[in-house]
Every structure is written in C-alpha cells, then in structure tokens.
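Given only the sequences and the hints, what does the whole structure look like? Please build it.
Chains as they are written, first to last, in this note's numbering: chain A, 23 to 173; chain B, -15 to 392.
Since the hints were made in silico from the structure, they are not lab data. All values derive from a computational prediction rather than experimental measurement. Backbone N, C-alpha and C fix where the C-beta goes; we use that ideal spot for every residue, glycine too. No incorrect hints appear here.
If you want the footprint, here are the derived chain A segments under chain B, 3+ residues with CB under 8 Å:
#1 35 to 44
#2 89 to 99
#3 108 to 116
#4 121 to 129
#5 136 to 150
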Amino acid sequence: MEYLLPTLREKREVDSLIRDTIDKVLVLRFGRSSDAVCLQLDDILYKSARDVSRFATVALVDVDSEEIQVYVKYFDITFMPSTVFFFNAHHMKMDSGSADHTKWVGTFQRKQDFIDVVEAIYRGAMKGKLIVSCPLPPERIPKFQLLYKDV
Amino acid sequence: MICDFGIEPRVEHFASIVDVVGRYGQVEEAMDIISRMPIEPDKAVWGALLGACRVHNNVELARVAAEALMRLEPESSGPYVLLYNMYVDVERWSDADQIRIMMDKNDIKKERGYSRWQCHQTFGGVEHWKRVKGFMWKYGGGMDRVDLFRIAEEDFAKWEKKCKALKTEGAKAESVGPVVGPWKNIHNELNADSVNSFCKNDVDSFKFCIPNGVVPLHSYTNEKTQVSCSVLSSVSEAGPSSHNMPGSIQAQDAQYLRNSAGLMNLTQTCSTSKEDIIGNVHTGAPPPWFDATKGNQLDVALKSEQSDLVSSKARKSSKLNPKRVGAAWAERRKLELELEKRGELVNNNYDANWLPNFGRVWQSGTRKESRKEFRMEDKASPKADNQSEVLMPLQPYISKRMRRDTSE
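Below, the structure written as structure tokens:
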C-alpha cells in the first residue's frame, strides 16, 4: 500500500504534513504495512481517500522507523493499527465508547464507516470542538483493551 | 411417501399427481389413481382430470369428471362449458344440446369471456398457489408477493358482480352482436384471455371480461380515451360507442386483443401540426405559462440569480468559521506559506523537537501540559534505566513502631 498512499518514515515529513494541512482533517495511520489488520485498514483508506479528499488528507506512518518512535511514545501507540486525527495542527479526539479517545484503534468495517467518522471529525472541528462523538453504532467499533503501566 | 418423508398424502398431493399424469397423456392412469384414492376426491382433483381430458380429447372420462364436478359444485358453469365445447369439437350435437338443456334446467349462468371455473380454479386454487410459491422460491422473488397471484374469494365475487352489471348495461344498449355466434367462440375467447392474463401478470387483468355488445373505444379517432381495464366499463356506459357497434364488434375485439397482447395499453394523443410549430421542451421554447411580453424580464431575472449564486458561493467559501479548531494557527500558517511562495521568508528552521498539539489519554488539565509531561518523562526515562541497574538490597519490612522502638 506504500505506493498508493503517501507513507512517511521520517519525523520531518510527518511534521511538515501536520503543519501544512490547513483546514482539512489529517488522518495518520500508524502501523506496519505487513500486518493483516493494517492491510485491511489501508485498503479502506485507499478506497475512500479520493472521496474525502475535499476535506481530509490521508497518510500512512510506518511504526517501525526509528525517528517515528518519538511519536509512538508521544501518542501512546500500543496497538496496530492506530489512527490519529489532526485538524489545523490540533489533535482531534473522538469518543467512540472505548477507553482511548485520542486515537482510533483497529480497522473500519466498511468504507462508509470511515467516511462517517472523518465527516464527524470535520464537522466538530469546523464548529470549534476538540472532541467529537462517534457516529457509528457500538457493534461496528473495534474493541480493544488498554493495559496499564505505572499508573 | 409416509416412509420417505414422514408425511401423509393429502388431497392436494393427489391433485398434483392426477394433474401431472393427466398432462402427460395417461388419462386412464389418472382415473385409476382417483378411483384408488383413500381420500374423497375434491374439485381440484376432478378439475385436474377434466383439464387433462380436454387437452387430450378424451370425451368419456371428461364426462365422468364433469359430472363429478357438477355434483361437487352445482353452481359452477365451468364443467358444463368445457364438456359442451368438447362435444362441439367432436360434433356430437345432440350431446351438446343436452348439456345446454341441463344448464338451463339447473339455472347455470355462463359468464362471457372467462370461465369462472377456469379462473377461480386455476388462479384461486390450492394447486396454483403451490405452484406459484414453488416458482417464486426457485427463481427468486418476494415470497410475500405470492398473494398477488392468487384471487381471493371476495375479489372474485366482486368481479362477478361487475361482469353482471356490465352485461345488463350492454343488453340495454343496442347490442346487435349475435348471441349464438360467440357460443362457438367460448373456447377461443377463454384461451385468448388466459394467454393475455399470463402475459400481464397482473391481478386486475384477470378480472377483465369482454362483455358482449360493449366495445372498447380505440382512439384512432380524435377523441382522447383511455383503454384501461378499470375505465372500460365507464367508457362503455358513456354511450358514444353505440354507433360504432353494429359491424365493427369483431374488428374492435380483435384490435383490442391484439393491443392487450402487447405490454401496455397506451393510447396516442393526436399530435397535430399546430403543436409542433409552437415548440416544446426539447426545442428550448419557453413554457406556455410565460407571456411573450414577460419573456425578457424572465431572462434578466434568471441571469441575475445566477450571478448572485456565484457570488454568494464565493462569499461562503471565503468566510470559514472563525471559531473552528486551530483557526488562529491556520491563519498564521497560511500567511507563512504565502510568504514562502513569494520567496520572502525562507523557513528552514526545522525543529527536531517540535511536537504537535496532543491531548494524552490519562491526563487532567489542559493539553499544553501533555507536551511538558512527555518531555519530562522523556528525560526521566534514561535516568530510570540507570537506576535499575543498581541492585537494591532486599530488606524485610519493619514497621514504624518497631523502628521507633529500636531508635529509642
């Protein structure tokens, strides 16, 4: 999928993308391109990238690169794939009923689900909200469990 | 059947068997089955046999079946009609007359155009229902719509009433159509109608009957009429058809049959040359509700509207919500990018330590703190690694009191 969606391996690239995407939602997928679930998510992202291109940009970040480890720690990325949303260099949170609101863990079941999520984020951002609620019903949201450490 | 499938054969099963065997040509076998049936044969069974006999021209067995049916359903005209037709086909005129006399004696009324027995038996019977269900299941399609292909008793009664009403109306008007002639055409009409109804696949069409003496108006004239089944009756009652009737009944019937064999009964509106001159939608002419004088005003109004739309769209896009997330940052960044494009400001100071605005998972307080926290944790983590290398001596736990006591 690397040749279809822009894949970022350096911190510099990620930074420039975050800073330069203005008035559009930036979707960053953190994951490995060889993982099965990542592949499924990449497939959905690729297919919907064009449809949401007017209000969103999609990019993939390879989690195995060294420079990206800073971001892995900063964003607390433990599950693959994780998707983080940005708008105007501000991080957008989404309440999807899980414990972690800062990112979307897992894949989407349908293209339409992904488009709905991105649309919800865009609408919330345009209204000035930093956190939005998820438009999907709970059965279509991938479930995961957060492990605690040093709390 | 009981051993293989665990179900007891019922009368419907026997009806199906008789039907299949009869259709195949072995009507004697079918009769055999009926005589050996443990259950009393009902009208479906006899009906199946009668149909098979009709197809394979077995008059004797047809008579037996018809008589059984007459006993089962004394008011039905179907068996009489079928038997009559068979006798006519084999030119047994005396027998045919006898049937006629029986009908009059028992006060059986034959409906024009569509035999009650065939209609109701075929389309209201259990067999038909089963067959339709099987077909739908096999070839896909809404099983809930199977009901459409079946005629209920009430609908049938309504149709019969309608037919009777039509007949009386037709009798009032000047019906010259010969009464004797159509008798011989019962069979043909029956067949034609059943063919039509199968084509149309529509419940309404089943209820149609061509009443004698009432002619469907066909508009090769300049009158606009609608040749639809439901409207037919009212149109025919209107009366202008009466002058058409005498010679042209057969012709009209044939026309109508031909038309209905097609898919839709669309009539042509007479398109005169006048309308062509004025122009229509396709030529781009203005619609008739606009006056010619007001046409110019209309154009001006349209153009101004369009320009308004364009300008309003431009206004909308330029005015993004100032309260949106990161608005201030976005404005600043846009300015920076423009400056970079122009080449005035070269921003090459890439900060390796720049981190975007991010709110952490377990965090109370504002987002600014999350970056600070992270930086602190980052610094703290290598020190923590160093410390873990020094082995801590294991000591038992001594309570405070004990320690106090020992120190005292």
